[in-house]
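As a plain string of letters, each chain reads:
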Amino acid sequence: MTVAQPAADPHLIQLLTPEGERLHHPDYDVDLTDEEYRSLYRDLVLVRRIDVEATALQRQGELGIWAALLGQEAAQVGSGRALRPQDFAFPTYREHGVAWCRDVDPLKLLGLFRGATNGDWDPEETRFALYTIVIGSQTLHATGYAMGVTKDGAVGSGDVLKDEAVIAYFGDGASSQGDVNEAFVWASVYNAPIVFFCQNNQWGISTPAATQSRIPLYKRAEGFGFPGVRVDGNDVLATYAVTRQALDSARTGQGPTLIEAFTYRMGAHTTSDDPTRYRLSSELEAWKLKDPLERMKAFLFKQQVADASFIEAVEGEADALASRIRKGCLEMPDPSPMVMFDQVYEEMTPLLRTQAEEFATYHAGFAQGGAH
Amino acid sequence: MTVAQPAADPHLIQLLTPEGERLHHPDYDVDLTDEEYRSLYRDLVLVRRIDVEATALQRQGELGIWAALLGQEAAQVGSGRALRPQDFAFPTYREHGVAWCRDVDPLKLLGLFRGATNGDWDPEETRFALYTIVIGSQTLHATGYAMGVTKDGAVGSGDVLKDEAVIAYFGDGASSQGDVNEAFVWASVYNAPIVFFCQNNQWGISTPAATQSRIPLYKRAEGFGFPGVRVDGNDVLATYAVTRQALDSARTGQGPTLIEAFTYRMGAHTTSDDPTRYRLSSELEAWKLKDPLERMKAFLFKQQVADASFIEAVEGEADALASRIRKGCLEMPDPSPMVMFDQVYEEMTPLLRTQAEEFATYHAGFAQGGAH
Amino acid sequence: MVQLTMAKALNEGLRAAMERDPKVILMGEDIGKLGGVFRVTDGLQKDFGEDRVFDTPLAESGIVGTAIGLAMRGYRPVCEIQFDGFVFPAYDQIVSQLAKMHARSRGRVKMPIVIRIPFGGGIGAVEHHSESPEAYFAHTAGLKVMACSNPIDAHFMIQQAIASNDPVIFLEPKRRYWEKADVDPTAMPDPLEQARVVRSGTDVTLIAYGPMVKTCLDAAAAAEEDGRSLEVVDLRSLSPLDFQTVFESVRRTRRAVVVHEASSFVGLGAEISARLSEELYYEMEAPVLRVTGYDAPYPPSRVEEEFLPDLDRVLHIVDKSLEY
Amino acid sequence: MVQLTMAKALNEGLRAAMERDPKVILMGEDIGKLGGVFRVTDGLQKDFGEDRVFDTPLAESGIVGTAIGLAMRGYRPVCEIQFDGFVFPAYDQIVSQLAKMHARSRGRVKMPIVIRIPFGGGIGAVEHHSESPEAYFAHTAGLKVMACSNPIDAHFMIQQAIASNDPVIFLEPKRRYWEKADVDPTAMPDPLEQARVVRSGTDVTLIAYGPMVKTCLDAAAAAEEDGRSLEVVDLRSLSPLDFQTVFESVRRTRRAVVVHEASSFVGLGAEISARLSEELYYEMEAPVLRVTGYDAPYPPSRVEEEFLPDLDRVLHIVDKSLEY
Ligand SMILES: Cc1ncc(C[n+]2csc(CCOP(=O)(O)OP(=O)(O)O)c2C)c(N)n1
Ligand SMILES: Cc1ncc(C[n+]2csc(CCOP(=O)(O)OP(=O)(O)O)c2C)c(N)n1
Ligand SMILES: [Mg+2]
Ligand SMILES: [Mg+2]
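Residue numbers (numbering that gives the first Met the number 0), protein chains in the order written: chain A, 0 to 371; chain B, 0 to 371; chain C, 0 to 323; chain D, 0 to 323.
Just so you know, the hints here were simulated from the structure itself, not pulled from any lab data. Note that the structure is predicted; figures quoted are calculated from it, not measured. Treat each hint with caution, since some may be false.
Simulated pairs of lysine-lysine, DSSO-like, Cα-Cα distance not exceeding 27 Å [what the hints assert, rightly or not]:
no., chain 1, residue 1, chain 2, residue 2
1, B, Lys161, D, Lys109
2, C, Lys45, C, Lys32
3, B, Lys287, B, Lys301
4, B, Lys107, D, Lys109
5, D, Lys45, D, Lys179
6, A, Lys150, C, Lys109
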């Protein structure tokens, strides 16, 4: 099956061509300072480096698995940077770039894929929920949270620096789940301040997006009575502009928007996956020409917003980040087995207390050479 | 909340005004013989009579509960008569009119609501699945069945008398269920020969349709890439025309259609319900003016297709039907308690065999006065 | 002290909880103007407004899933599932999301959510309206599972469940909704997770919860006439299960019979039997016996009385226990 | 006779079933070109075509729900659920529709559907990839629940499950997918619903299924060196459960220990314990003991080895059993 080419789609919102030319769009635009443009580029580079380093650590047996975001950096950084501090994001398991924008330490992401924790960041403090693995379930949590925002009157006051919005991430595959469609029902009926951000990276493991929908996914929203837009997800500026506007629309009380970020999963689904079994390398080659980092770099050069020394400085930062991650990962302590018992409930139940005590005694026995 | 008035909606397909005037529609029409027109009217009357009689029997304690179709006769008879013999229908718990069109003995419906059986008709023979109570779940069964029709090559041969189609009934409330939306995904992706027939009777128990969708329900289909139409569900001719066309479109390989039959639940949700708690009697009064039977009767008279003696004859038939039902209900035997055990699996498991034997012995003990 | 039905006692309990804490909200199908199909939320929307008591779209996964988000936002949602048989579309949200959230977030994210479910049979209903799904939830770590058996407990337990920061599956025996008792709203309730000896006896302990407590009490009363003294334990909390109270009772009577409407195979009765033999192996004089619904789908209602444990079946098994 | 991994033995079993009956179809996420994430369906789409082996949209309720419709149309769908933790969105379709269809239609509508689920832990996976949901299904009347423990059984049991007209939840112990055995595809398999004594012994019976059978066999081998003789029963069928084989074994050894990865509370072990004490009350010399996963959500994988029963924990509890 052939994948539609974004450039050919008149409904695709683009502010930056793959060659780094700046386009203008009647409804969406951004007007950023040079500093901000550079900063976006820096994010893209750092986020990719986190991803590359984590992939390498997995290959070396330090992580059980890793879900790479390779190719989706612009979709994530563009939308992540569009969030205002008070906004709340609900990720899948691949939103490392959004996590970065929410100041979640990348080591916490690694801790999850290493099997040391289930994430271990503070959702409230970072305004970034824990990763969710059961496909689509977080979209309902996000919708409920957004309903709570409305209940709290934190919407439509006119103050965009105070009013809140919620963003729910999910993939093209997830669009088929009942939960996601129920979230659309709820969000529209309660006019919840939420943005549904679908990264259509063309694949759900080995399943092409065409197996999930026979029409472009952004159109799904129409069926539920709220707007859907398709943005070039490899274009960080367009993603930023479209998401910012959708979030502000939500926070001002205009309800939900569905954004389909048209992008591409350039790597395997996870490090356990082998995409050569189900897709042609020519597809990947075609998408490489639309690489989100390259186009932003080209733009910076063309606009003379940055020069080689800036690029080099960012690379230096990325190297430092990578070695911090590597070191942190190698040094990461294993959790105490007692974590199994201690937070199942707010207070340990008698049954768990007995099990925890027996466990401790049993292992103490081992320590004293009492084993078989 | 105010309920939209069908007449005011330009998207509502109507072939018969509430006053019985015949309208013409560019895309949908019917050309029936006088005999056929009369037969439709007869169906409406008989179906309503079944419903009235069952409601009365419930009031007298003969049924545990009854879900009345009052007001929805045209939606059900119109769509039910549009089915070709080879088509397969998947009902909710309210499709007594469709059951009638599929030659399911009304007493079987009563048996279910009496608690004697779970339906007890043969789905294969009647091409009418058992009633489904868990809202929306049957839409997936219908979709799977339709996928099987395609696999069997029973679609698109060009022979409408042979090619098969499937119809799935559900309500406005059901449209919110994940399952129903997943059925839309599946049906569109596999281009299954299915018609989704939503009777929007304005209410899901006490919940108005506006709590399920903020736009007209027929538009839901657009989001999944297949056509949706809204028909006047109190107009048996329009319902017939629209359903017939959608079924034929499905059987010729053109995939799914969503039909929203805009109608009204004139009675309570079930005999256990008290609609005065949540809706105004003025709403009911307004809908009474659109009664599906009255308008068909008016049409028959206006067109001189029938006269008073025909109406009387049908009433006579209805009386006979009603007394057959009443008699059959009163005489209906209770099932043997052994039905609990005997069809759980194709062969009884040892555990069930033991339980059945113990049960039999225990009750034999009672019979012999061995009880406490 | 007022005489209340269980439905009304729950209603008053919900009202008290809502008055106490403005974060308590009620959500579910038809709970607003209608007051729920069993009228348990009757009048609450009128008094607390549509913001705190609201009808949802018809989708249970949506109900529980959005409740989880509302809880993350600081609310304390009480969800009504209309009937036992309709909780399963929400099963993933309950078992994979709600139950695990506290543990996976290392206690950072609390889930003070109550899911109210009218459960059990005996009301002459059609399919899917008479299920006893408690084992599915009790087997799930992270959930608490409660079942009330009388108006007084109903009144207090619902308030305690709402006050709990753990997610609670709150099972209401629908066929007991209309039973009455004198409720003193100022009384001091027992702790939520504590079982209770509701009738003392010396020969056999009957262990039950929800709808079967009354059945057991009736059986014990009948047995007394025959000179047998049955103790009845109302578990109240199915998970965590207060084994202390159970053990103490069975230590005295040395015999136990568990009674529930749910099927026997891998049901609560099995767990109680297993634990009792693990703990009181040398103290019991008979195996723990079970009186349960059969291992079959709930039958058409015209035969439900044969499916459900009743006084006679309980006494029949008590006899068996005494034969050991 | 060929040496096959369990994954390959299943693959060959599916192939044989598909060759035998053109109505057998496979459906699920990523089972086509990819051959499933565990490659159990590898090559089958290539050989049988996209009509008989097809990738579905990503929605488990949709998978099971449409499979029910396909079964009504005369097909015999084999659904793959990618991992144990992802079966719950389909729970309503399984428990309320699939399980009840035969009974409610008085046997007119057959549901020859197999739901394959790689289950259990021990592979270092992230959340929701190591669940043991068998109790949820075993408690549900109308379902059959199978768990294979070795390549030979895997090969035959999957074919027998497909041939069955009852719905089967077919649990595959994912951490044993790569274990090998010599499989003779022409051999006569045991009946699907029969347990098997996989090691004879005299002192204690270990009762296990799926992934824990190997653990128990290893434990029995280790115990032998210490002079203790353990018998191991592989249940194979969890529902219906072949209690005859279990009883016969325990009648001989007079002691039983049940081992499973799932949590103990209201798990399979509880049922086995309850039934054993009901039936062999006077014949056992110790209570049935359980070695199980703890009553907590499955932990992060760096501590999963502590969560899962292992050889040492099994032997530790065997010692306890022998102390009675
Ligand atoms: C309910 C559920 N079913 C199946 C899976 C297994 N699974 C993990 S990722 C994935 C594909 C997801 O595709 P998509 O939504 O497009 O997200 P992407 O991985 O492309 O970012 C599947 C099937 C799961 N995690 N949850
Ligand atoms: C999954 C599920 N949830 C809740 C119910 C309880 N219930 C029965 S009918 C009904 C309303 C259905 O409304 P609608 O789909 O519009 O059909 P109608 O009754 O109006 O024909 C509800 C909530 C159910 N049967 N199944
Ligand atoms: Mg994808
Ligand atoms: Mg309705």
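Hint check:
no. : hint                 : verdict
1   : B:Lys161 to D:Lys109 : 25 Å, holds
2   : C:Lys45 to C:Lys32   : 8 Å, holds
3   : B:Lys287 to B:Lys301 : 20 Å, holds
4   : B:Lys107 to D:Lys109 : 20 Å, holds
5   : D:Lys45 to D:Lys179  : 25 Å, holds
6   : A:Lys150 to C:Lys109 : 19 Å, holds
Every hint, counting from the list given before, is met by this structure.
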